[in-house]
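Participant: Chains as they are written, first to last, in my numbering: chain R, 195 to 520; chain H, 157 to 482.
It is possible that some hints are incorrect.
As the list claims (entries may be wrong) - With beta-carbon atoms standing in for the labels, derived distance ranges:
#: 1; chain 1: R; residue 1: G297; chain 2: H; residue 2: A468; range: 42 to 52 Å
#: 2; chain 1: H; residue 1: D274; chain 2: R; residue 2: R264; range: 33 to 43 Å
#: 3; chain 1: H; residue 1: T371; chain 2: R; residue 2: T435; range: 50 to 60 Å
#: 4; chain 1: R; residue 1: A447; chain 2: H; residue 2: T159; range: 44 to 54 Å
#: 5; chain 1: H; residue 1: A422; chain 2: R; residue 2: Y298; range: 21 to 31 Å
#: 6; chain 1: H; residue 1: G416; chain 2: R; residue 2: R305; range: 21 to 31 Å
#: 7; chain 1: H; residue 1: K395; chain 2: R; residue 2: E485; range: 36 to 46 Å
#: 8; chain 1: H; residue 1: L477; chain 2: R; residue 2: M195; range: 36 to 46 Å
Said to hold, decoys possible - Calculated cross-link-like contacts (lysine-lysine; reagent style BS3-like; alpha-carbon spacing at most 25 Å):
#: 9; chain 1: R; residue 1: K288; chain 2: R; residue 2: K204
#: 10; chain 1: H; residue 1: K174; chain 2: H; residue 2: K158
#: 11; chain 1: R; residue 1: K288; chain 2: H; residue 2: K250
#: 12; chain 1: H; residue 1: K250; chain 2: H; residue 2: K234
#: 13; chain 1: H; residue 1: K395; chain 2: H; residue 2: K321
#: 14; chain 1: H; residue 1: K353; chain 2: H; residue 2: K290
#: 15; chain 1: R; residue 1: K261; chain 2: H; residue 2: K290
#: 16; chain 1: H; residue 1: K353; chain 2: H; residue 2: K272
#: 17; chain 1: H; residue 1: K424; chain 2: R; residue 2: K261
Quick caveat, the hints were computed from the structure, so don't treat them as lab data. Positions of the beta carbon are idealized from the N, C-alpha and C atoms, including for glycine.
Take a look at the letters that make up each chain.
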Amino acid sequence: MKPIEIGTAKSEHSGRVDGMLQVGWLPDGYPMETPVTILRGRDDGPVVWIHGCVHGNEYCGTFTIHKFLRELDPAGLNGCVVALPALNITAFQKNQRMSPFEGYNGGDLNRCFPGRVDGTLTEQIAYHVYRHLRAHATHLIDFHTAFTADTRWALFAPPSGDQGKVAEAMARAFGFSNTLPAPLDILGGSALTTAAKDGIPGLIVEAGGLDTAFSPETVADAAERLRNVLRRLEMLPGAVTDYGTMTFFSNFAWVNTTRGGLFRAAVKCGQALKKGDVVGRYYDAHGEMVEESRSPHDGIVLAISSWPVMPSGEILIHIGLNPRAA
Amino acid sequence: MKTIEVGTAVSRAAGKSKGFLDVGTLPDGRPMRSPVIILQGAADGPTLWLHGCVHGNEYCGTFIIHEVLRALAPGDLKGAVVALPALNVTAFEKNQRMSPFEGYNAGDLNRNFPGKADGSVTQQMAHAIYAPLKQYADYLIDFHTAMTPDVRWALYANIPGDIGKKGDGIARAFGYRSTLPAPPDILPGSAMMIAAKDGIPAFIVEAGGKGPAFTPETVTDGAERLRNVMRHLGMLSGKVTDCGKMWNFSNFAWVHSTQGGLFQRAVKCGDRITVGSVIGHYFDMHGRPAGEAKAPHPGIVLAIHPGPIMAAGETLIHIGLDPTEV
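Next comes chain H alone, as it looks inside the complex:
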């Protein structure tokens, strides 16, 4: 058995340990604490690091991680799971993407890894989290959402060689059809890219939408897919479900709105679009049609703005480019 110590959660034997990791200090002087669960199996094996709510209002991942851990018996597990289900805890509490205590900087925790011990609030959080991640993790799975409940896609760090190959294996076992083997030059400062460059195969799941925009079915399905990854990694026994072929992308494109107004989407996640496809409709304040939003690229819809209102500069659509069946 190994010893795993993340904040006050200390695991030396098979079983579940709970605690908190200090990731900063609050303005009233109390520690900013993110919850940690360590589940160590009865047999040796790899250590899988799970986290959710890097972006505070992406709760679906928290519920998926919780569901898997509640149902997992240490006797059935080979290796260990280290889970931080509500990573960016002050943003989580406030139902927003970034920490409410991050005033001056961009503050996107998933652009600030590996962090800085004496940096901004968010950089200090990243630093406190990344140290144990780097120390213990053999694999990383990071749960996110996009905007609407129908979001289902994934990406892995496609570092040439073994790391990318292991990422592909995890992606196939998770089995979302739309998957990006992420080029190493995108998403700088993400936990995924930083960990992969440090030799830890890393995978991001995008399941469900922000705030309350996810269903119990998405949570249950995400939990089962996560168990399938653990079967693939030899951490759980049983046959790995074959989820079939995937659409791999060459990259993605984030498209911002250049118009404001009331907005209704015209496409769903997973839809195929071409250049010029109508993806949504704008209306003015009196309810009159005020134009169509059109796709600037062909591909697959990974995420689409749900409306009902839009300011210029918001993420309108996220498109997976050059889908290839693999």
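Chain R extracted, bound-state conformation:
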């Protein structure tokens, strides 16, 4: 079997190995290490690279990957799964989106791929992750969350061409109805679009909300959908579940708040919106309603803020544009 070596995880035979990949250095001189699991099936075959917590406080993906790995028998697997369930490890520890050691730059790991060996802290993390991803992965699945527990959508890339067909098949097998075939000019520096440009088809899953905002049911459901993707890639035996007709978007729109205050959302994820619909209400500190925020677009709610208090500039809502049955 072709050896796969990622940090201290070295896989030469069928079975599971756990190890750690160094992605940087901590200020006290210890290595910054992220956990890696390689689960090798009976034969060489596709290598599906799965990672979670690119944004440190999006734990639903970590739990989904862990559950999936615990329930995966190497004897039943064709090919290999490489999993990095808590990628942005210091952000993961600190329960925040970006690394607490990234002081000066944007620091969004999902805008820093393929990374730079001598760049900022986050660019260096991206570099140490991406060189292995590019060397080994035939497919990528990247787990994220939005704000609220009811978040359920996905993106695939490339959106077209031969690799696009593979990516679309992965998205259909995962089967979240709301899905964006991601144009390659959005999400610059994401693992998804960077890998797609390097010929690796991939999927981003957005399941559950920040921090504690996800349920064991969402984890179990996402783990089963992940298995269905592996069945579709003929890495696991069994019939592929058909999740039916999907809703594809042309793109998405992020809408930022332009005022601050106490906030209550008025919409749920998956809901259809018309331009002008009320999506939430602001209250002042004395409890008086001061503004209804309205949707600037038609579309489907992909994500809605859950913060009880918001300053201006926070992400208010994320809208899937031009939904069409696909």
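Following the hints, position chain H against chain R.
Facilitator: Same frame as chain R, now just chain H:
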């Protein structure tokens, strides 16, 4: 009619007055201002002091107070309500328990009453708040949350005699089943204990969880229970709803984690546990089971850590001891 003056909120007649109480000075020289609402009824009666967000990220109470005040007409009210819905305002803005300007001290506002005019940031806040509280309040209700949305319990200062008896009456009208008649030697420096020792019957509500972890239903239910307390106190007309029997506790126990890792709770708030009951599961970074957390005391779950990650020393579980139906 009485005159009630809390910061810039001044009430001399029936109606609603809004303003701000200066509780400190910010590093840019501007005042640190906490919002105040005074609602004076058309008829004389007691003054009920309400506050929320003593701990800045416990927003459920702010929303409950706001909901009650928005719906309350001065013509229906006997007496007055003084409300400070976002007491620890800089912590409230920053979505954290303690003020971001409290650098050196413990900084828990609910351990710093009655405060000190020349003490730490938090002691000065407590001092600015406690002076009008002591001057005006006939009753105090203080809204908190624990960690998860299913939190529902309460406590009152069980000072022997009239103060404790009035606390019991408020607790029964609020009607959460799990209630602690708090021994006078616990929670030193809390607004509840300090006020009760100054002759003001005082009650703490624990409803919902931190940050966004509360639902509109919990807010609506909390608001209705608060109105029931006001009926019990003769401030609103109408029949007092009988909420039935309560579980009273002898005390509570806070249990800290002595292990770190990924964590999933195995119990819900209100569950009955015995010594050795499994209350949660730890996992390592590769998703392997890493041990069970077990209850060190029998009782009722008042609060449980939601995970998904845990550092050693965090509050793992809060247990109501020796439940007795009363």
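Participant: All hints are to be evaluated individually against the structure, with a verdict given for each.
Facilitator: Here is what the structure says about each hint:
Restraint check, R:G297 to H:A468: a C-beta distance of roughly 27 Å breaks the suggested window 42 to 52 Å. Checked against the hint of 33 to 43 Å, the pair H:D274 and R:R264 fails, with Cβ atoms roughly 57 Å apart. Separation of H:T371 from R:T435 is about 32 Å and departs from the stated range, judged on CB atoms against 50 to 60 Å. Taking 44 to 54 Å as the suggested C-beta distance range, the pair R:A447 and H:T159 conforms, at roughly 52 Å.
Separation of H:A422 from R:Y298 is about 42 Å and departs from the stated range, judged on CB atoms against 21 to 31 Å. Against the hinted window of 21 to 31 Å, the Cβ-Cβ separation of H:G416 and R:R305 comes to about 30 Å, which satisfies the hint. For the pair H:K395 and R:E485, the supplied restraint of 36 to 46 Å holds, since their beta-carbon distance comes to about 38 Å. Look at H:L477 against R:M195: about 58 Å separates their beta carbons, and that is not inside 36 to 46 Å.
The hinted pair formed by R:K288 and R:K204 fails the criterion: a straight-line CA distance of about 29 Å is larger than 25 Å. A C-alpha spacing of about 16 Å is found between H:K174 and H:K158, which places the hinted pair at or below 25 Å, so the restraint holds. Taken as a hint, the R:K288 and H:K250 pair is honoured in the structure, with Cα atoms around 16 Å apart against an allowance of 25 Å. Using a Cα cut-off of 25 Å, the hinted pair H:K250 and H:K234 is violated, with the two alpha carbons roughly 36 Å apart.
Among the hinted pairs, H:K395 with H:K321 is consistent with the structure: their alpha-carbon atoms are about 20 Å apart, no more than 25 Å. A C-alpha spacing of about 11 Å is found between H:K353 and H:K290, which places the hinted pair at or below 25 Å, so the restraint holds. Restraint check for R:K261 and H:K290: not satisfied, since their Cα atoms lie roughly 54 Å apart, outside the 25 Å limit. The straight-line distance between the Cα atoms of H:K353 and H:K272 is roughly 17 Å, inside the 25 Å bound, and the hint therefore holds.
A threshold of 25 Å between alpha carbons decides the hint, and for H:K424 with R:K261 the separation of about 22 Å falls inside it, so the pair holds.
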